[in-house]
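Which chain is which? The protein sequence lines are A and B, in order. Under the working numbering, the first residue of the first sequence carries the number 4, and numbering increases by one thereafter. Under the working numbering, the first residue of the second sequence carries the number 29, and numbering increases by one thereafter.
Source of the hints: derived by calculation from the structure; they are not laboratory data. Beta carbons are placed, not taken as given, at the ideal position from N, Cα and C, and that holds for glycine. Hints may be right or wrong, so weigh each one.
Stated by the list, open to error - Straight-line alpha carbon distances no greater than 35 Å define the calculated DSBU-like cross-link-like pairs of lysine-lysine that follow:
1. A/Lys-491 to B/Lys-276
2. A/Lys-36 to A/Lys-310
3. B/Lys-169 to A/Lys-36
4. A/Lys-36 to A/Lys-491
5. B/Lys-169 to A/Lys-28
6. A/Lys-36 to A/Lys-157
7. A/Lys-35 to B/Lys-276
8. A/Lys-399 to A/Lys-157
9. A/Lys-157 to A/Lys-327
10. A/Lys-399 to A/Lys-28
11. A/Lys-327 to A/Lys-35
12. A/Lys-28 to A/Lys-310
Claimed, not checked - Stretch-level coverage of chain B by chain A, calculated; a stretch enters the list once three of its residues show a Cβ under 8 Å from a Cβ in chain A:
13. 157 to 163
14. 200 to 210
Stated by the list, open to error - Here are the simulated distance ranges between beta carbons:
15. B/Gly-97 to A/Arg-247: 35 to 41 Å
16. A/Gly-245 to B/Arg-123: 27 to 33 Å
17. A/Val-9 to B/Leu-274: 49 to 55 Å
18. A/Leu-396 to B/Arg-177: 27 to 33 Å
19. A/Lys-36 to B/Lys-276: 52 to 58 Å
20. B/Arg-231 to A/Leu-494: 41 to 47 Å
In case you want the letters, here they are:
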Amino acid sequence: MSAAEVRTQAALARIDEVLDLSRNKLSQVPEKKLTSGERWMRYLGFPLGVLVFLLLYYMPAPEGLTGGGQVVIAVFAAALVWWITEPVPTHVTSLMLMAMLVFFNGWAESDVLGVLGFSVIWLNVLAFILSSMLVKTNLAKRIALALIVRFGRKASWILAAFFALNLMLAAFIPATAARAAMLLPVMIVVAGIYGASNANPTNFGRNLFLQNLQAINFGSSAYMTGSNANLIAVAFILSMGGSRIYYTDWLFAAFPVVVTAMLISWWIGPRFVFKVPPEQQTPEVEGGLERMREKLHEMGKVTAEEKKAALIFGLVIVLWVTDKLHLRVLGFEISAVMAAFVGAVIALFPRLGLLKWNEADIPWHLMLFSCGAYAGGLALNDTGAARWLVGSLFQKLNIQPGVNFWAVYALVIAVNMYSHLFFTSKTMRTLIFIPFVIAVAQTLGYDPLWLALPAAFTIDWVIGLPINAKPNVILFATGQYSVLDNLKYGLIMTTVGTLLLIIAGCTWFRVLGITPGW
Amino acid sequence: MRAAKAVVILAMIAVTAVTIFIILLLDAGRAEAAATAAPDTLALLQETIQVGPDGSAEVEVMVVLGGGGGGGLLLPFAFPAPERFTPPSGPARFRDPAAPLADRLGHRMVSLELLPDARAGDTVRVRAAVPAWYDMARTRKAHGVHPVRRELVNTSADVIAVAVTRVVLPPGYTVHAVGEVVPRFDPKDSPTPPYAIGVQDGRVVIVQRAERVGTAGRMVLSFEMRAARRGAVPLAAGLLLALLYLVKFRDVLQPGKEV
Chain A
4 MSAAEVRTQA ALARIDEVLD LSRNKLSQVP EKKLTSGERW MRYLGFPLGV LVFLLLYYMP
64 APEGLTGGGQ VVIAVFAAAL VWWITEPVPT HVTSLMLMAM LVFFNGWAES DVLGVLGFSV
124 IWLNVLAFIL SSMLVKTNLA KRIALALIVR FGRKASWILA AFFALNLMLA AFIPATAARA
184 AMLLPVMIVV AGIYGASNAN PTNFGRNLFL QNLQAINFGS SAYMTGSNAN LIAVAFILSM
244 GGSRIYYTDW LFAAFPVVVT AMLISWWIGP RFVFKVPPEQ QTPEVEGGLE RMREKLHEMG
304 KVTAEEKKAA LIFGLVIVLW VTDKLHLRVL GFEISAVMAA FVGAVIALFP RLGLLKWNEA
364 DIPWHLMLFS CGAYAGGLAL NDTGAARWLV GSLFQKLNIQ PGVNFWAVYA LVIAVNMYSH
424 LFFTSKTMRT LIFIPFVIAV AQTLGYDPLW LALPAAFTID WVIGLPINAK PNVILFATGQ
484 YSVLDNLKYG LIMTTVGTLL LIIAGCTWFR VLGITPGW
Chain B
29 MRAAKAVVIL AMIAVTAVTI FIILLLDAGR AEAAATAAPD TLALLQETIQ VGPDGSAEVE
89 VMVVLGGGGG GGLLLPFAFP APERFTPPSG PARFRDPAAP LADRLGHRMV SLELLPDARA
149 GDTVRVRAAV PAWYDMARTR KAHGVHPVRR ELVNTSADVI AVAVTRVVLP PGYTVHAVGE
209 VVPRFDPKDS PTPPYAIGVQ DGRVVIVQRA ERVGTAGRMV LSFEMRAARR GAVPLAAGLL
269 LALLYLVKFR DVLQPGKEV
């Protein structure tokens, strides 16, 4: 065997290695190498969280806040510190949070335990079952290889392809978690081809996963039907503000903002936020794209198993996309989670399906992490603490009639944007914030539309922390980035989004008649 | 011909008279309706329950009249065994000063008589002491909380335009959680809930407000109260845990040692 043949064989073996997802199981928590700064954060994070808790817990109860609400704020703040600094794994922080909520009487034990049965947790479990099916049958590998061969000449092209894909999917699939579940296996394979894995996170991997996280979330903001929270905001604007928003009103206003934000993120991510070195900008294996093309060719025709997997997953996607027609056609509605149930049952059904239970790669630590995040968020809502925080904030801002509209506009956008860091549900944030924004507009004598619709465009910008949204939790399971990485990129893009919406408010939205015209 | 003219004239007079009569009748009806509509509404009913450390309470029911004129007024007064009534302030007196309370279908009410010079906007206050409003010892639950449920049923014949329930907690107590609230809070109607927690003279007070409470309409406020002062155990345990972590995990700072 010649030296060239040996190299070719070695390259192909390397491709097999990076594409072998059984080596990077999501259900296993990898050990991470830490920098000196991260070590200090871990060391000091735990006592810092304890101090934050004690400070808020023993503070004299502020006027208007219940004692239970104060407990929940104290526990949630401590958990936030621990989630960011990671003195213990994030799922352990979640368990601590849930225990503390019960021990300090912040939220009832039955409510805390009930979170594990929430549809979001089920959707996560079922999404990972479907994802495992795509991985096992090599369909995910085939799609990823095809994507790489088509767009993979440069890392930036593949990142752009994911942005475009997400923008397209958001128009048809309103469930963000479903979109994350669909793309997850493809993302993992693509990351692997570029040398990124949970055991070896790279800047390419950080960009890939965090840009997808952003695209899945704020991509929803381009369409009125992009998320349920958008529709709730529209309902508020109609019922409280008296303005009807049509699909095209939303689309014409928000779509350009979203596309611009995606372009900015795509441009700054690999260049400034997580600088991708030249060696990570092409597929890691020797021979690069040629070898990938060979590998794809080697996979041959689509197998019967792949077709079956595509059929099962296709059925789920059809159910997700056609949710509005279910009632008319079937007489009942199949929710996103029940659609995933259908797919998972078929996938796991002996002889009919493709997957055995032992082959389903379900990261249970992630479910516990999700439970903690949701328990904290829901407890904040149930105890009235979230409403109190928002109400106090608006009160503190003391916006009086006569203040310049654009100052109020900028303030409302910024507050709505950055507030996502403290919420775990878009719906909850919408239910609390939008009525306040409408009330502020009415107090100041403005048309509520001027403030409420731009504020509604911020709802899907939930990109700062893994706890802020369902897709964030799913992508965090890959172990390709840390909480701090997420926060860093998230804060940068939140600032970009805030500025974009302020600029759009002063220009584009005026043309459309959303904000007061010239 | 003359007879025919006379009949026409008489008929015209009769029609005119009937028309005038009908107009007067309708106008009188309107005037009567106007006279009776206002008194049928209480502009405000506010009950204040000032709870003592032993569970006793000083209660006050205040109404702002919606209309004038004399007549009877039955005010909801659902408190267990109230005593030491003070004579009502404002243009009203007890129907029977010896027995200010009346019982109608199991609902306790104060029976008042409004003085003839009572006008819309006048305020009437009734105060009493309730020695055993709340059993502090027997109602204490886990974590030292006391569940409280206050229900105001409009047992009067009048619509209450604005109904307010104020519960002033015992000194040193705070509201731990708010439970059932009727009418239900819907953020679609208002961004703020129909109850508020505040401080008055150093004591925590929880206030519920409802509008247009009709006869037999009710408002409910359930909440938990507890001593505001927190125990020292969490403080000691938290500091100890933080210290132990710093000692036990100091090797985290060395490369290769992970949590």
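The hints, checked one at a time:
Proposed proximity of A/Lys-491 and B/Lys-276 is supported: the alpha carbons are some 30 Å apart, at most 35 Å. Straight-line distance between C-alpha atoms of A/Lys-36 and A/Lys-310 comes to about 40 Å, which puts the hinted pair past the 35 Å bound. Under the criterion of a C-alpha separation no larger than 35 Å, the hint pairing B/Lys-169 with A/Lys-36 is inconsistent with the structure, at around 48 Å. A threshold of 35 Å between alpha carbons decides the hint, and for A/Lys-36 with A/Lys-491 the separation of about 18 Å falls inside it, so the pair holds.
Annotation: proposed proximity of B/Lys-169 to A/Lys-28 is violated, straight-line Cα distance about 47 Å (limit 35 Å). Between A/Lys-36 and A/Lys-157 the CA atoms are separated by roughly 27 Å; this keeps the pair inside 35 Å, and the hint holds. A hinted pair counts as satisfied when its Cα atoms are at most 35 Å apart, and A/Lys-35 with B/Lys-276 qualifies at roughly 20 Å. Taking the CA atoms of A/Lys-399 and A/Lys-157, the gap is about 49 Å. The hint is violated against a cut of 35 Å.
Restraint check for A/Lys-157 and A/Lys-327: not satisfied, since their Cα atoms lie roughly 39 Å apart, outside the 35 Å limit. Using a Cα cut-off of 35 Å, the hinted pair A/Lys-399 and A/Lys-28 is violated, with the two alpha carbons roughly 48 Å apart. The hinted pair formed by A/Lys-327 and A/Lys-35 fails the criterion: a straight-line CA distance of about 44 Å is larger than 35 Å. Restraint check for A/Lys-28 and A/Lys-310: the C-alpha separation of about 24 Å stays at or below 35 Å, so the hint holds.
For the stretch 157 to 163 of chain B, the proposed coverage by chain A is not satisfied: 0 residues have a C-beta within less than 8 Å of a C-beta in that chain, short of the threshold of three. Chain A is given as covering the stretch 200 to 210 of chain B, and this holds because 5 residues of the stretch bring a CB closer than 8 Å to a CB of that chain, at least three being needed. Distance hint check for B/Gly-97 and A/Arg-247: the Cβ-Cβ separation is about 48 Å, which falls outside the suggested range of 35 to 41 Å. For the pair A/Gly-245 and B/Arg-123, the supplied restraint of 27 to 33 Å is violated, since their beta-carbon distance comes to about 49 Å.
Checked against the given bound of 49 to 55 Å, the beta carbons of A/Val-9 and B/Leu-274, roughly 54 Å apart, stay inside it. In this structure the supplied range 27 to 33 Å holds for A/Leu-396 paired with B/Arg-177, their Cβ-Cβ distance being about 32 Å. Distance hint for A/Lys-36 and B/Lys-276: a CB-CB separation of about 22 Å, inconsistent with the stated range 52 to 58 Å. Separated by about 43 Å at the C-beta atoms, B/Arg-231 and A/Leu-494 satisfy the suggested range of 41 to 47 Å.
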